[in-house]
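Engineer: Same order as they appear, the protein sequences are chains A and B.
Per the working numbering, residue 1 is the first one in the first sequence, and the count goes up by one each step.
Per the working numbering, residue 1001 is the first one in the second sequence, and the count goes up by one each step.
These are computed hints drawn from the structure, not numbers from a lab.
Do not take every clue at face value.
[Stated by the list, open to error] Heads up, simulated DSS-like pairs for lysine-lysine below, C-alpha to C-alpha not over 25 Å straight-line:
| no. | chain 1 | residue 1 | chain 2 | residue 2 |
| --- | --- | --- | --- | --- |
| 1 | B | 1093 | B | 1253 |
| 2 | B | 1055 | B | 1253 |
| 3 | A | 83 | A | 95 |
| 4 | B | 1253 | A | 95 |
| 5 | A | 206 | A | 219 |
| 6 | B | 1093 | A | 83 |
Take a look at the letters that make up each chain.
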Amino acid sequence: MTSICNDALRHRSLYYIKIIGRDPLGHLHIENLVTRTLEPLNLTVAAGESVSLCGPSGCGKSLLLRAIADLDPHDGEVLLDEKACHTYRASEWRKRVGFLPAVSQWWRDSVGEHFSGDFDRQLLSTWFAALGFDESTLELPVATLSSGERQRLALLRLLVNQPQALLLDEPSAALDPENTRRVEALVADYRARSHCAAIWVSHDPKQRQRVASRHFVIKQGRLQQVEGEWN
Amino acid sequence: MELITLSAWDLSLAALLIVVLALLSFQMQLGLGRSIIIAALRTVIQLMLIGLILKLLFSTTHPGWMALVALVMLLAAGREVVVRQQRRFIGLKSFTLGTLSLFISTIVVTLLVLTVVISADPWYTPQYAIPLLGMMFGNTMNGIALGLDRLTQSAWQQRDVIEARLILGHPPQQAISDIRRDSIRSGMIPIINAMAVAGIVSLPGMMTGQILAGADPMTAVNYQILIMFMVTAGTGFGTLFAVALGSRHLFDKRERLRLDRLQKAVV
């Protein structure tokens, strides 16, 4: 199944060129960021790189991601491709730094009404196929979807903005192993082709190994890099 | 037609009905007996006072006095708007927001009607200006209070949805557009309904009053139509303005939803 969706992605690879042509690299740089629960924090995620983040619940992972997306007042600075957050209009910043919260919200009746703006329909149908949907999914009422389906669709809803950085808060928490792999493959592919930085929060050590090259943990309000294998 | 005046004895008979109602409430343990008595006493005292003040005002047509009366009404209505919010903005903001909206819509519409439509001489003649202002403030206050209450309550309850839309890059006013529309609707619907049933289900109080006072029914009807239009316009503009200001103040310059600017009313 994994190979099928990879094929589908490869087949449509042409469309990704548009993304690369559209904007420079997604190099995410966090400087002395202070949130309510964390000490000043520095972190650089290179364009195309993915880092994992874990820590007990309540340690401030989500607050950190919220601060990077500029949803909460905070001290310190976040730069994308060497341009500071405050130089963007906040809504523009959030389109570029795509944040996927752990629980997705839906406010209209049908799925399609949540896909706003002028997005690339063909690109979207590729992504739909990669996650086991098709275009008729857009017509479905949200109320009939399972939590796993909502979670996958929330990722696609975010990706149509073509963000240069991704902040993923347990994006596969509600998914079965097969769909987890599909999501991992899609994110890896998007990251590679659009040179997008990613911070991936996961409680599954094996998944962290699969999706990220560097690993961080939050302990007592401090961000620490974890070397070597997870136990 | 001679106006039949009411004596203290007539009013006491009516008061007896209230006392019976209060006693019944005590007996049924509705917990309303005290409120009924206190509210009834307030009605008597407040209306007596305003009667005295009006008597005084009607004898002197001075714009300064009129302005003072309008100011007192405005501040009282502004305070009432604040009190009716379950979640209100912290600090003076909740007061200034409602009062500014009240001021703009009520004053503009009332001035327009007094000078252009009724054209009394002078335009601030108290017999016209005070009742009109009173009805305008009363209704506009309802609309603004309902609209703001709905806005802050819904923003609180639907914070996750609003933030989900911000996260997707929606500008704040788009992220809160559904809530804003609902709030404006809930502020305006009562007055629209009142227009729709006027004369069929309910005989509006002002018209009834004029007819009781011996006015020709068609004159009373014309005044009532004028009042209805005025009040609806004032309520509509006031609600639109207040909800627009309020929904703006729910976000900061960085387009973040700032529910920390709200506080729950202490009941």
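Engineer: Decide if the proposed pair is consistent with the structure: residue 206 of chain A and residue 219 of chain A, CA atoms, cutoff 25 Å inclusive.
Structural biologist: Within the cut-off at roughly 20 Å; holds.
Engineer: Is residue 1093 of chain B within 25 Å of residue 1253 of chain B, Cα to Cα?
Structural biologist: holds (17 Å)
Engineer: Straight-line Cα separation of residue 1253 of chain B and residue 95 of chain A no greater than 25 Å?
Structural biologist: With a Cα-Cα distance of about 17 Å, the restraint between residue 1253 of chain B and residue 95 of chain A holds, given a limit of 25 Å.
Engineer: For residue 1093 of chain B and residue 83 of chain A, compute the direct alpha-carbon distance and say whether it is at most 25 Å.
Structural biologist: At roughly 35 Å apart (the allowed maximum being 25 Å), residue 83 of chain A and residue 1093 of chain B break the hint.
Engineer: Please verify whether residue 1055 of chain B and residue 1253 of chain B have alpha carbons no more than 25 Å apart.
Structural biologist: violated (51 Å)
Engineer: Are the Cα atoms of residue 83 of chain A and residue 95 of chain A separated by 25 Å or less?
Structural biologist: holds (14 Å)
Violated hints, listed in ascending order, are 2, 6; each of the other numbered hints is respected by the structure.
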